[in-house]
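Peer 1: Here the protein sequences line up with chains Y and U, keeping their order.
Residue numbers for the first sequence follow the working numbering, so the first one is 1 and each next one is one higher.
Residue numbers for the second sequence follow the working numbering, so the first one is 1 and each next one is one higher.
There's no promise every hint is true.
[Said to hold, decoys possible] Each pair of labels, with its calculated beta carbon distance range:
1) Y:Ile-86 - U:Phe-374: 47 to 57 Å
2) Y:Ser-60 - U:Tyr-144: 42 to 52 Å
3) U:Pro-121 - Y:Gln-180: 48 to 58 Å
4) U:Met-191 - Y:Lys-214: 43 to 53 Å
5) U:His-375 - Y:His-72: 29 to 39 Å
6) U:Leu-41 - Y:Gly-92: 44 to 54 Å
7) Y:Tyr-132 - U:Tyr-144: 54 to 64 Å
8) Y:Thr-107 - U:Leu-190: 41 to 51 Å
[Unchecked claim] A few chain Y residues that face chain U, going by a derived Cβ cut-off under 7 Å, partial list only:
9) Thr-28
10) Leu-30
11) Gly-38
12) Ser-39
13) Leu-59
14) Ser-60
15) Leu-61
16) Asn-143
In short, the hints are calculated from the structure, not lab data.
All C-beta atoms, glycine included, are put in the ideal place defined by N, C-alpha and C.
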Amino acid sequence: MTADSQLVQVAHVEEDSHAGHPQQGVNTALLGMLLFIGSEVMFFAGLFAAYFNARASALSLGQPWPPEGLGHIIEPGLIPIVATIILVLSSGSMQWALWRIRKGDRTGMNRALGVTLLMGIVFLGMQAYDYYELLVHYGFGINSGIYGTLFYTMTGFHGAHVFGGVIGIAIILLRGVAGQFSARHHVAVEAVSAYWHFVDIVWIGLFFTLYFLK
Amino acid sequence: MATTTLAPRAATYRQRSWLYEWLTTTDHKKIGALYITTAFLFFLLGGVFALLIRTELAVPGIQLIDPETYNQLFTIHGTTMIFLFVMPMMTGLANYIVPLQIGAADMAFPRINALSYWMVPLGGILLFSGYAVGGAANAGWTGYAPLSAQGGAGLDLWLMSLVLLGMSSVLGAINFLATIFKMRAPGLTLMRMPMFVWNTLVTSVLLLFAVPVLTAGLMMLFIDRNYGGGFFDPALGGNPILWQHVFWFFGHPEVYILILPAFGIVTEILPVFSRKPLFGYKAFVFATASIGALGFSVWAHHMFTTGAVFLPFFSFFTFLIAVPTGIKFFNWLATMWRGQLRLDTPMLYAIGFIALFLIGGLDGAFLAVVPFDFHVQDTYWVVSHLHYVLVAGSVFGIFAGLFYWFPKMTGRMLDERLGKFQWLLLFVGTNLAFFPQHLLGLDGMIRRIVDYNNNPGWTEWNFLSTIGAFMIAVSVLPFLWNVFVTLRQPKTAPDDPWDGNTLEWATTSPPPPYNFDALPPVRSERPLFDLKHGAVAAHAVALPAQRGETHDETRADAPEEVLGEPIEGHEPQVAAGEETPQVSEAAPDALPHEERPRTEPKK
Numbered sequence: 001m002t003a004d005s006q007l008v009q010v011a012h013v014e015e016d017s018h019a020g021h022p023q024q025g026v027n028t029a030l031l032g033m034l035l036f037i038g039s040e041v042m043f044f045a046g047l048f049a050a051y052f053n054a055r056a057s058a059l060s061l062g063q064p065w066p067p068e069g070l071g072h073i074i075e076p077g078l079i080p081i082v083a084t085i086i087l088v089l090s091s092g093s094m095q096w097a098l099w100r101i102r103k104g105d106r107t108g109m110n111r112a113l114g115v116t117l118l119m120g121i122v123f124l125g126m127q128a129y130d131y132y133e134l135l136v137h138y139g140f141g142i143n144s145g146i147y148g149t150l151f152y153t154m155t156g157f158h159g160a161h162v163f164g165g166v167i168g169i170a171i172i173l174l175r176g177v178a179g180q181f182s183a184r185h186h187v188a189v190e191a192v193s194a195y196w197h198f199v200d201i202v203w204i205g206l207f208f209t210l211y212f213l214k
Numbered sequence: 001m002a003t004t005t006l007a008p009r010a011a012t013y014r015q016r017s018w019l020y021e022w023l024t025t026t027d028h029k030k031i032g033a034l035y036i037t038t039a040f041l042f043f044l045l046g047g048v049f050a051l052l053i054r055t056e057l058a059v060p061g062i063q064l065i066d067p068e069t070y071n072q073l074f075t076i077h078g079t080t081m082i083f084l085f086v087m088p089m090m091t092g093l094a095n096y097i098v099p100l101q102i103g104a105a106d107m108a109f110p111r112i113n114a115l116s117y118w119m120v121p122l123g124g125i126l127l128f129s130g131y132a133v134g135g136a137a138n139a140g141w142t143g144y145a146p147l148s149a150q151g152g153a154g155l156d157l158w159l160m161s162l163v164l165l166g167m168s169s170v171l172g173a174i175n176f177l178a179t180i181f182k183m184r185a186p187g188l189t190l191m192r193m194p195m196f197v198w199n200t201l202v203t204s205v206l207l208l209f210a211v212p213v214l215t216a217g218l219m220m221l222f223i224d225r226n227y228g229g230g231f232f233d234p235a236l237g238g239n240p241i242l243w244q245h246v247f248w249f250f251g252h253p254e255v256y257i258l259i260l261p262a263f264g265i266v267t268e269i270l271p272v273f274s275r276k277p278l279f280g281y282k283a284f285v286f287a288t289a290s291i292g293a294l295g296f297s298v299w300a301h302h303m304f305t306t307g308a309v310f311l312p313f314f315s316f317f318t319f320l321i322a323v324p325t326g327i328k329f330f331n332w333l334a335t336m337w338r339g340q341l342r343l344d345t346p347m348l349y350a351i352g353f354i355a356l357f358l359i360g361g362l363d364g365a366f367l368a369v370v371p372f373d374f375h376v377q378d379t380y381w382v383v384s385h386l387h388y389v390l391v392a393g394s395v396f397g398i399f400a401g402l403f404y405w406f407p408k409m410t411g412r413m414l415d416e417r418l419g420k421f422q423w424l425l426l427f428v429g430t431n432l433a434f435f436p437q438h439l440l441g442l443d444g445m446i447r448r449i450v451d452y453n454n455n456p457g458w459t460e461w462n463f464l465s466t467i468g469a470f471m472i473a474v475s476v477l478p479f480l481w482n483v484f485v486t487l488r489q490p491k492t493a494p495d496d497p498w499d500g501n502t503l504e505w506a507t508t509s510p511p512p513p514y515n516f517d518a519l520p521p522v523r524s525e526r527p528l529f530d531l532k533h534g535a536v537a538a539h540a541v542a543l544p545a546q547r548g549e550t551h552d553e554t555r556a557d558a559p560e561e562v563l564g565e566p567i568e569g570h571e572p573q574v575a576a577g578e579e580t581p582q583v584s585e586a587a588p589d590a591l592p593h594e595e596r597p598r599t600e601p602k603k
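My request is simple: use the sequences and hints to build the entire structure.
Peer 2: Below, the structure written as structure tokens:
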């Protein structure tokens with residue numbers, strides 16, 4: 001046996017393989033999405049750090065937190081509460097879609113994705129309406145002191161992430177309607193679902209921080 | 001080597017033009033080459049800026065550059081060297097080498113890889129376009145608020161450029177992590193990965209968790225500057241110190257992002273050129289991981305003088321980082337100890353790295369001492385420290401890697417005499433440029449100011465420093481000439497010119513687009529050594545061999561060994577069965593799933 005005969009032949013074209021090596025454990029694309037979500041967690045952690053830094057500065061100076069005169073923000077109105085309920089429910093319907101396709105039920109997945117997409121859009125619409133109310137009726141903008149800056153930056157970046165999730169859901173819905181997913185091949189649904197749950201969890205954190213933390 | 005039958009579809013592949021091929025490539029090797037070339041161009045550009053700075057500082061007074069231009073110069077110099085030279089250069093080397101070292105055909109996400117690359121030149125253009133809109137950024141590479149909340153459009157472009165380069169780094173980090181976790185060759189377990197791969201892994205984790213925090217800070221600053229936000233404005237209830245927290249929470253892991261790949265390169269080179277296995281592989285792995293972990297707990301040692309941080313905690317953890325770094329140093333020395341040192345250019349750079357990075361590292365330990373830090377805050381001591389770790393550290397590591405892997409990338413060997421001449425110039429120039437800055441810093445010379453007093457000794461030290469800077473610049477010329485001349489020569493480099501240990505030397509130089517036809521079985525962290533010398537030799541030499549022992553014969557023979565020709569009397573099967581029981585124990589679970597013995601001889 002020569003050393004040469006020890007060489008392992010690389011399989012160049014093989015089903016379900018990556019670079020000739022067999023796939024085990026978590027799917028590569030899903031791993032990529034999970035890592036990306038990890039980086040997004042750190043992005044929002046930076047924004048939350050800004051919030052708590054501002055809060056600590058105010059409290060250490062003996063100033064009230066949140067700053068006075070922001071009752072319309074701090075007392076959550078109907079819109080933020082309903083929007084929160086809708087977003088949490090949409091996380092459930094997203095998971096429902098995932099469970100359906102894992103069972104191989106394409107129609108069920110498409111229906112659930114359609115509902116999720118609709119709820120995501122409604123959430124964005126309600127957020128836009130909330131912004132409109134605050135800006136026009138209360139004159140509360142991003143330049144209205146540190147609380148305005150924090151409020152619009154945090155909810156704004158979250159809204160941008162919801163928008164990205166809505167686009168992702170729309171894409172997998174179109175692909176689902178085209179019949180591209182099956183019980184075995186639906187990594188895109190898994191990835192978008194993980195991202196959507198992340199967006200939902202960030203909102204829950206934001207909701208309680210911005211509306212309930214005194 | 002190519003014996004694979006192509007799939008029928010491959011015949012329809014259309015040959016595209018050279019330019020189209022490079023613009024649209026998703027091949028990790030081509031993207032790596034693009035990264036390296038782009039980074040080197042920015043290195044030259046940033047170097048010119050450095051020369052302008054040093055020329056102005058050669059003697060007291062303002063001769064050449066007005067203060068505003070000077071502020072822009074050192075801002076763009078720092079930003080370019082860190083974000084557009086060292087980071088893309090390390091990413092480029094890792095892009096080229098990591099898939100080869102783990103026996104993969106490409107990165108996990110080749111198109112995202114291309115996207116990551118193309119954000120780099122775009123970010124560079126954004127950064128430098130500040131000069132077209134009335135002045136580039138001028139708040140230093142750290143961009144401290146509230147200074148950075150003022151100033152012109154150049155600062156907005158700086159912010160957007162860093163956001164773009166940060167996204168590029170995060171996507172690159174995700175790509176490396178997915179590649180390393182999912183695409184290793186059969187048998188290549190985590191604890192058999194080459195140290196360069198380990199360092200890339202830890203660097204990627206740091207990038208993944210540190211860069212988004214900077215992005216958040218950059219966004220806040222952008223909002224403050226453009227939409228009336230109050231993050232860093234005390235009048236609106238904000239806090240300028242917040243910027244320092246956010247920036248250094250990224251900025252301290254960032255310094256490990258800049259140096260860990262260089263650690264990896266040096267750790268690859270030392271065993272190969274000492275003709276010994278790496279001393280303390282596991283200790284290296286744990287030291288690298290703990291440097292990464294500790295890197296997140298020391299950011300406020302950049303903020304001792306703000307009065308806003310708990311000094312004992314951050315001072316203690318900063319000292320703690322010296323422990324894993326010290327482990328690495330002793331392991332490097334022990335790797336070389338009683339080895340048969342071959343002083344080729346990569347090895348010279350690696351040794352230069354160890355010698356000079358030690359100075360930079362000790363400077364850092366000094367800065368962890370709180371009272372000392374108060375004394376030298378914002379002085380040239382800090383400038384000296386960061387240049388000793390970035391020039392004597394990262395740049396030496398980069399040149400070591402470029403000389404080491406150039407034959408693999410191009411199929412041609414760089415000229416050794418020019419390389420050694422360049423090393424000597426760079427070594428002397430680096431010390432001449434940055435050592436006097438220690439003394440200036442101790443004497444109280446403040447950084448980032450265009451002029452200085454003609455205090456006793458200051459002019460002499462500054463003049464020496466300027467001479468050193470020009471020596472560094474001159475040392476790049478033999479390298480450029482070396483590359484230019486070498487690239488015009490025929491591809492004569494052998495596949496394994498240095499007698500390496502890792503898988504990248506198992507393929508051709510340069511590798512085919514698909515990297516490997518066949519992989520040797522991986523049963524240790526030195527699969528190629530095992531292939532060349534047989535399992536017995538591998539384990540025998542892994543023991544602490546002394547001169548005069550029987551194993552010495554094997555070591556002396558080693559450099560002459562050619563890939564694929566086993567030493568007589570060291571047949572692996574005999575070895576596994578009869579001579580060393582630990583091999584037969586290790587072999588069954590280490591045996592790759594796909595092992596199919598080849599019947600045809602290679603070549």
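Peer 1: Hints first: check each against the structure and report whether it holds.
Peer 2: How the hints compare with the structure:
1. In this structure the supplied range 47 to 57 Å holds for Ile-86 of chain Y paired with Phe-374 of chain U, their Cβ-Cβ distance being about 54 Å.
2. The supplied range of 42 to 52 Å is broken by Ser-60 of chain Y and Tyr-144 of chain U, whose beta-carbon atoms lie about 21 Å from each other.
3. Between Pro-121 of chain U and Gln-180 of chain Y the beta carbons are some 35 Å apart, a value that contradicts the proposed interval 48 to 58 Å.
4. Met-191 of chain U and Lys-214 of chain Y have their C-beta atoms about 51 Å apart, which keeps the hinted 43 to 53 Å range intact.
5. Look at His-375 of chain U against His-72 of chain Y: about 51 Å separates their beta carbons, and that is not inside 29 to 39 Å.
6. Leu-41 of chain U and Gly-92 of chain Y have their C-beta atoms about 52 Å apart, which keeps the hinted 44 to 54 Å range intact.
7. Remark: the range hint 54 to 64 Å for Tyr-132 of chain Y to Tyr-144 of chain U is contradicted by a beta-carbon distance near 36 Å.
8. Remark: the range hint 41 to 51 Å for Thr-107 of chain Y to Leu-190 of chain U is upheld by a beta-carbon distance near 43 Å.
9. The beta carbon of Thr-28 of chain Y comes within 5 Å of a beta carbon in chain U, closer than 7 Å, and the hint placing it at the interface holds.
10. With a least beta-carbon distance of about 10 Å to chain U, the hint placing Leu-30 of chain Y at the interface is violated under the 7 Å criterion.
11. Taking 7 Å as the C-beta contact cut-off toward chain U, the hint placing Gly-38 of chain Y at the interface holds, the least distance being around 6 Å.
12. Taking 7 Å as the C-beta contact cut-off toward chain U, the hint placing Ser-39 of chain Y at the interface holds, the least distance being around 5 Å.
13. Below 7 Å, beta-carbon pairs count as interface contacts, and Leu-59 of chain Y has none with chain U, the closest being about 12 Å; its hint is therefore violated.
14. Residue-level restraint check for Ser-60 of chain Y is violated (minimum Cβ-Cβ distance to chain U is 10 Å; threshold 7 Å).
15. The criterion of a C-beta within 7 Å of any C-beta in chain U is not met by Leu-61 of chain Y, whose closest approach is roughly 9 Å, and the hint is violated.
16. The beta carbon of Asn-143 of chain Y is positioned within 7 Å of a beta carbon in chain U (closest approach about 3 Å), and the interface hint is therefore held.
The structure fails to meet hints 2, 3, 5, 7, 10, 13, 14 and 15 from the earlier list, while all remaining hints are met.
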